[in-house]
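A.B. asks: Sequence:
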Amino acid sequence: MFDTVRDDLAATIEEIREAGLFKPERVIGTPQSAAVTVTAGGTPGEVLNFCANNYLGLADHPEVLAAAKDALDRWGYGMASVRFICGTQDVHKELEERLSAFLGQEDTILYSSCFDANGGVFETLLDERDAVISDALNHASIIDGIRLCKARRHRYANRDLADLEQQLKESQDARRRLIVTDGVFSMDGYVAPLREICDLADRYNAMVMVDDSHAVGFVGANGRGTPELHGVMDRVDIITGTLGKALGGASGGYVAARREIVALLRQRSRPYLFSNSLAPVIAAASLKVLDLVEQSNELRERLAANTALFRSKMTEAGFEILPGDHPIAPVMIGDAAKAGRLAELLLERGVYVIGFSYPVVPHGKARIRVQLSAAHTTEDVERAVAAFVDARAALGE
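Note that the numbering used here has the sequence shown beginning at 193, numbered continuously upward.
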């Protein structure tokens, strides 16, 4: 049987390749940092890394590494169990308490990833009597999580408050309504208008959920994310996020929410009940990350400066950058094959970036998604801009 399937799969893969949509995986032989060494999937050698979610540069921070090493001796490698059996250590509870305090929520529950966190919320809280109202550009994990529940599904155009209000009007017969949005939309770097969303939620008696994966740690005056940025920390009912981006870059996710919501998730959320506990080394290292985030604004200020420099220099050079001030700085190309070729030319010039195309972004909206880090120097940023200019010339643009 599989011989027939094999041919079909091979044909599909070839179609993806011919359309310029194939996504090669490059292999790096060094820790995640501002510069990495590519060992396979590109010209071997050291390159500047402008495509990681390592916003604060903490993935190889010496204090984080030391905390992780100490945790291995104290807590061991893995739990080999789920939380309610024998998979809960002091370090898990301490991290949950720290995240709750940091995010201004009543309680927090850890997951193995934010994908799992988003996969475990909707089915637990909503059924056929309820409605979920989701931004059209929400992350795939939110979309998949919504598919698992029986609630009526409403979708509003990206950050379109008039459309959101219309969906709220059309769902007024629901028992519970949950508005869900990314805090920052990962392909565009756009920030959700949370204050206005909360205003609509109050007017129409709905709850608000925010996936703040691309904001926590560096957005807001103290790095507490988009709810802090918009002054609505006390008005958001559910915050999901990841430990795998600005907060150290390893893995793990969480739901920080009202106390009763978290209590129910602990009893009925399937990804939590049926997945191994977060590795204790990650929990312990994440506590050190929170220490670093809370102690100083230096990394956030450096990240903001790098972001402003890159955006201004690229605009001066004639590139189309989606507006904003987030360290996600999409360089718009349009054609998928051209975006992929430009990424290859940049790698040859010592700058590691990725071309994004369908189905990650819409047809005709291919781009190079550049991501700045506090670990980058001014010279790194200027070198990246120069490489873009040179690669564009080599592409014949």
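FYI, nobody ran anything at the bench for these hints, they're computed from the structure. Just so you know, even glycine gets a beta-carbon here, dropped at the ideal spot from N, CA and C. Mixed in with the good hints there might be a few duds.
Stated by the list, open to error - Okay, derived cross-link-like pairs now, DSS-like style, lysine-lysine, Cα gap no bigger than 30 Å in a straight line:
{"no.": "1", "residue 1": "Lys-261", "residue 2": "Lys-285"}
{"no.": "2", "residue 1": "Lys-505", "residue 2": "Lys-480"}
{"no.": "3", "residue 1": "Lys-361", "residue 2": "Lys-342"}
{"no.": "4", "residue 1": "Lys-285", "residue 2": "Lys-557"}
{"no.": "5", "residue 1": "Lys-557", "residue 2": "Lys-261"}
{"no.": "6", "residue 1": "Lys-557", "residue 2": "Lys-530"}
{"no.": "7", "residue 1": "Lys-285", "residue 2": "Lys-505"}
{"no.": "8", "residue 1": "Lys-505", "residue 2": "Lys-557"}
{"no.": "9", "residue 1": "Lys-215", "residue 2": "Lys-480"}
Said to hold, decoys possible - With beta-carbon atoms standing in for the labels, derived distance ranges:
{"no.": "10", "residue 1": "Asp-582", "residue 2": "Ile-205", "range": "29 to 39 Å"}
{"no.": "11", "residue 1": "Lys-361", "residue 2": "Arg-451", "range": "23 to 33 Å"}
{"no.": "12", "residue 1": "Asp-517", "residue 2": "Glu-210", "range": "14 to 24 Å"}
{"no.": "13", "residue 1": "Asn-489", "residue 2": "Pro-551", "range": "36 to 46 Å"}
{"no.": "14", "residue 1": "Met-524", "residue 2": "Ala-349", "range": "14 to 24 Å"}
A.B. asks: Taking the hints in turn, state whether each one holds.
C.D. replies: Taking the hints in turn, this is what the structure says about them:
no., hint, verdict
1, Lys-261 x Lys-285, "holds, 20 Å"
2, Lys-505 x Lys-480, "violated, 35 Å"
3, Lys-361 x Lys-342, "holds, 20 Å"
4, Lys-285 x Lys-557, "violated, 43 Å"
5, Lys-557 x Lys-261, "violated, 43 Å"
6, Lys-557 x Lys-530, "holds, 11 Å"
7, Lys-285 x Lys-505, "violated, 45 Å"
8, Lys-505 x Lys-557, "holds, 22 Å"
9, Lys-215 x Lys-480, "violated, 34 Å"
10, Asp-582 x Ile-205: 29 to 39 Å, "holds, 32 Å"
11, Lys-361 x Arg-451: 23 to 33 Å, "holds, 30 Å"
12, Asp-517 x Glu-210: 14 to 24 Å, "violated, 38 Å"
13, Asn-489 x Pro-551: 36 to 46 Å, "holds, 38 Å"
14, Met-524 x Ala-349: 14 to 24 Å, "holds, 20 Å"
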